[in-house]
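These protein sequence lines map, in sequence, to chains G and H. All residue numbers for the first sequence refer to my numbering, where the first residue is 1 and numbers rise by one. All residue numbers for the second sequence refer to my numbering, where the first residue is 1001 and numbers rise by one.
These are calculated hints, taken from the structure and not from any lab test. One should not assume that every hint holds.
As the list claims (entries may be wrong) - In silico lysine to aspartate or glutamate, DMTMM-like type, Cα no more than 20 Å apart, as pairs:
| id | chain 1 | residue 1 | chain 2 | residue 2 |
| --- | --- | --- | --- | --- |
| 1 | G | 248 | G | 260 |
| 2 | G | 184 | H | 1125 |
| 3 | G | 237 | G | 282 |
| 4 | H | 1136 | G | 120 |
| 5 | H | 1128 | G | 265 |
| 6 | H | 1504 | G | 193 |
| 7 | G | 393 | G | 112 |
| 8 | G | 319 | H | 1498 |
| 9 | G | 319 | H | 1125 |
| 10 | H | 1128 | G | 120 |
| 11 | H | 1182 | G | 193 |
| 12 | H | 1507 | G | 188 |
| 13 | H | 1507 | G | 193 |
| 14 | H | 1128 | G | 269 |
| 15 | G | 201 | H | 1498 |
| 16 | G | 319 | H | 1453 |
| 17 | G | 197 | H | 1453 |
| 18 | H | 1182 | G | 113 |
| 19 | G | 237 | G | 260 |
| 20 | H | 1182 | G | 282 |
| 21 | G | 201 | H | 1132 |
| 22 | G | 201 | H | 1123 |
| 23 | H | 1136 | G | 269 |
| 24 | H | 1182 | G | 188 |
| 25 | G | 319 | H | 1132 |
| 26 | G | 197 | H | 1498 |
| 27 | H | 1504 | G | 323 |
Said to hold, decoys possible - To give an idea of the chain H side of the interface with chain G (calculated C-beta under 10 Å), a few residues:
| id | residue |
| --- | --- |
| 28 | 1089 |
| 29 | 1093 |
| 30 | 1130 |
| 31 | 1142 |
| 32 | 1143 |
| 33 | 1257 |
| 34 | 1416 |
| 35 | 1420 |
| 36 | 1443 |
| 37 | 1456 |
Stated by the list, open to error - A short list of chain G residues far from chain H (calculated; beta carbon distances all over 10 Å):
| id | residue |
| --- | --- |
| 38 | 61 |
| 39 | 64 |
| 40 | 69 |
Think of the CB as a built atom: it goes at the ideal place given N, C-alpha and C, for glycine as much as any other residue.
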Amino acid sequence: MHRRDLLKSLLAMSVLPATGYCSNALAAPATQNRLLLVFLRGGYDACNLLIPTSSSFYYESRPNIAIARPSDNPQSALELNADWGLHPALRESIYPMYKNGEVAFIPFAGTDDLTRSHFETQDTIELGQPLNTSRNYHSGFMNRLATVINDGKGVPAMAFTDQLPISMQGTASVGNTSLRSLSKSSVDTRQSDIIQKMYGKTGLAQQVSEGFAVRQDIAMEMQDEMNAANRDAITTKGFTLEAKRIAKMMREKYSLGFIDVGGWDTHVDQGGAKGALAGKFEELGRGLATYKNEMGDAWQNTTVVVISEFGRTFRENGKRGTDHGHGSVYWVLGGGTKGGQIVGEQTKVNAGQLFQNRDFPVLNEYRAVLGGLFSRIYGLNNQQINTVFSGVKSRDLGLI
Amino acid sequence: MFSSLSIQRLAGAALICLLSACGSSSTRPDSRNDYVKTLPPIGNTLSKANVNPSQLLNRLTFGSNFTSDQQLQSVNMDRYLDQQLRARGSVVPNVIQAQINSMTITQLSMEELIHKLEAQRIEADQQKGVDDSLRKAYQQELNRLYRESATRSLLRDIYSPNQLQEQMTWFWMNHFNIHSGKHNIRAMLGDFEENAIRPNALGNFRDLLRATAYHPAMQRYLDNEYNAFGHINENYAREIMELHTMGVNSGYSQKDVQELARVLTGIGVNLLGTPPKIKPELSHLYLRRGLFEFNPQRHDFGDKQFLGNTIHGRGLNEMEDVLTMLTRQPATAHYISKKLATYFVSDNPSDALIQSMANSFLQSDGNIPVTLRTMFDSPEFIASLGHKFKDPLHYAVSVVRLAYDGSYIVNTGPMLNWLNMMGQPFNGHPTPDGYAMDESAWASPGQMNVRFDIARAMAFGTPGLFKVDNMTLTDKPPAPALASSMYAKTMSGTFSPETRNALKQAKSPNEWNIFFLASPEMMRR
């Protein structure tokens, strides 16, 4: 049986149950649009991703880790416009997409949360609720988005993580399955059939059969990958492989997706054009480019948003690293994205403009910015946007 | 076939433990007996209702097995419930207690542990960028201590005959949730459970609330250590009202939260033991108890208006007042009762049940066993038996209690891993609200799949439970006593026709075990 056939049969057998499990087994995205949220956990050093090349203050502040101004040297920044350059590790992946108008960056983006704690700021961002009020810890903004798009009928959503992240928690039913390493179901086909029959008359029948179906998908994916590995010598691994798997799932089954990537907390020896952080950028960029390719035609209706809990200190620290800061740089990618530009409110990058004399300020509050983006993608009205991000006025940056 | 019918080994010993405090664990002198006295005499509600003993055990314990069935049969259901409500102290078989005794968290006090770790952390910070091995070692030690406290909890959940107390310990650990990821809290969790939560789990709610407020782990987790006059941090104040006592939208105002935050100024921790500089006229108000510290110099001594009362500014005693006031709020009685009923009865307990429990809570001034007794005696509780979906911890522990009844595991690693995979590791919930208690949080397709993986692993025996990490197993691990056990066989007789049909199709005892452990009936308690 081919995957597509399996998915078709899944489609055929699934009916909306009365229990409110609005179900991923409905498969085939109900809206053409697909949105993947990529969360870089740890607070990535945005100033070495999107380099303020026109700022001499940047070069004074980072004597050991700065990325050189654009030049013929392959280790220098890739020119985006007169003020900004891109880290050279993204030369083969994101840079061509930017030039092709498929990537935009939003500098000075982030939250007003000032704890500078990873956990707390991540929670704040994922909850997406106003600060300094009582918060509902079981309600993340991606889940609320799932409840309003498609006229409130719900869309298939999946977190490609071991645990359901806060942003995906809430009243809409969202599954989670990590695709980092694949493992087949440990029960065999006969046993899983018998187990499904045991559950046939129970309220869990739907979840059980859907769970086995996802596992079967994964088993087929493993077989595909093994066949591919036997054909060509180059094997994909790490985040690139994960991104490829996610793209297949997103292409065929899900409207909303979430993935997190860790390892961005670069307090020590983060490197410059080469080194630890450059390696992370390279891997992330390659993964996102792979994601685009794997989406195929669906890329036209795909948006990928890359965010992180905060930026890092503008000045490098005594250990050639950077510490927890404030404003970050968000990325928006997609076939329908009006890319090739640096958008949102901006300011000169000099000592006087730093927030608390240490960090990028936040000029583009993320709830307003994402609210604006979502309303463009899904044509949401004010009331719907207010359900997703209550109490903020969305800002349309014209990215779609 | 495998032939293990040795489950009775443990039964006799444990039964005696239940009634007299044997085993080597220490219990602190118990002022909580005062509250227990208000428990009504043993009734006959459960016996009269002809409750199925195995179903009752599934709710009062972490999972019925032959051993607990023997305990229950030796008295009767109502007396068993009474014993469970009065049980104190952790009483586990000697081999399990020996594992607990060998732990660092047993041998060192939290104060000693933190002093040692702080020295290590400071040294590691000085070497940052030069020698990162110190920082790594420090983090590894924190992880190891975290694993010790999780392991101790699990061992008690599996082996303590005082099962209701262990369930209540987890319940309150979750109610007063502290995430293990913050600061050095991993080294404090063992003490938080042992000295703040467990002694009060079946005690009085005010004592419990107070014990958490005086614990450095709580002060750190909810940032009250940063809360000072002129530098207000409302985090703990808000969560006390919203999550620990009255519940959100229960009638208090933002102003109450702000005033409570003022009451809590100056309360925090002192991890190094260095005394702060304090004006002589305030020094008599300074208090340090272990790692807990009240620094009057950081306190706001103005009067506060809280829930319609004036709190006179005078130091730490202001907190004593507000905790008592909060315990006596009808909203608190309602909120706590509803949460207990959600854990023990159903995802949607009736208003009538919640109200009768809340009345018991108020009339007994926050007596937890009295409140629970009202719940357990209710027709709604009895009607709910067998229907509540097990959360991951209940599933994992019930499987091991049943399959390895009479054997003693030496490594909780596989179980901790299962809890990770199902999404409910100990103190792993990142926000202060704790894990959800309803079915929808735990029954997603992926989570159901993980349960079937666990069922399969257990069906064949999980040798990892019986060997210490990095060592090879010399003896054969005990086979799970399911297909060969009368107890499991008898249980399966009450299962649905669909489940019994599946069991009939088993081609081997191991496969019978898979279907049994994967059955819809094993997912509920």
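Each hint tested on the structure:
no. : hint             : verdict
1   : G:248 <-> G:260  : holds (17 Å)
2   : G:184 <-> H:1125 : violated (43 Å)
3   : G:237 <-> G:282  : holds (13 Å)
4   : H:1136 <-> G:120 : violated (23 Å)
5   : H:1128 <-> G:265 : holds (14 Å)
6   : H:1504 <-> G:193 : holds (14 Å)
7   : G:393 <-> G:112  : holds (15 Å)
8   : G:319 <-> H:1498 : violated (64 Å)
9   : G:319 <-> H:1125 : holds (11 Å)
10  : H:1128 <-> G:120 : violated (24 Å)
11  : H:1182 <-> G:193 : violated (44 Å)
12  : H:1507 <-> G:188 : holds (13 Å)
13  : H:1507 <-> G:193 : holds (14 Å)
14  : H:1128 <-> G:269 : holds (11 Å)
15  : G:201 <-> H:1498 : holds (8 Å)
16  : G:319 <-> H:1453 : violated (45 Å)
17  : G:197 <-> H:1453 : holds (17 Å)
18  : H:1182 <-> G:113 : holds (17 Å)
19  : G:237 <-> G:260  : holds (16 Å)
20  : H:1182 <-> G:282 : violated (30 Å)
21  : G:201 <-> H:1132 : violated (57 Å)
22  : G:201 <-> H:1123 : violated (61 Å)
23  : H:1136 <-> G:269 : holds (16 Å)
24  : H:1182 <-> G:188 : violated (41 Å)
25  : G:319 <-> H:1132 : holds (12 Å)
26  : G:197 <-> H:1498 : holds (7 Å)
27  : H:1504 <-> G:323 : violated (62 Å)
28  : 1089             : violated (33 Å)
29  : 1093             : violated (31 Å)
30  : 1130             : holds (9 Å)
31  : 1142             : violated (15 Å)
32  : 1143             : violated (16 Å)
33  : 1257             : holds (9 Å)
34  : 1416             : violated (14 Å)
35  : 1420             : holds (7 Å)
36  : 1443             : holds (6 Å)
37  : 1456             : holds (5 Å)
38  : 61               : holds (18 Å)
39  : 64               : holds (12 Å)
40  : 69               : holds (28 Å)
The structure does not agree with the numbered hints 2, 4, 8, 10, 11, 16, 20, 21, 22, 24, 27, 28, 29, 31, 32 and 34 stated previously, though it agrees with the rest.
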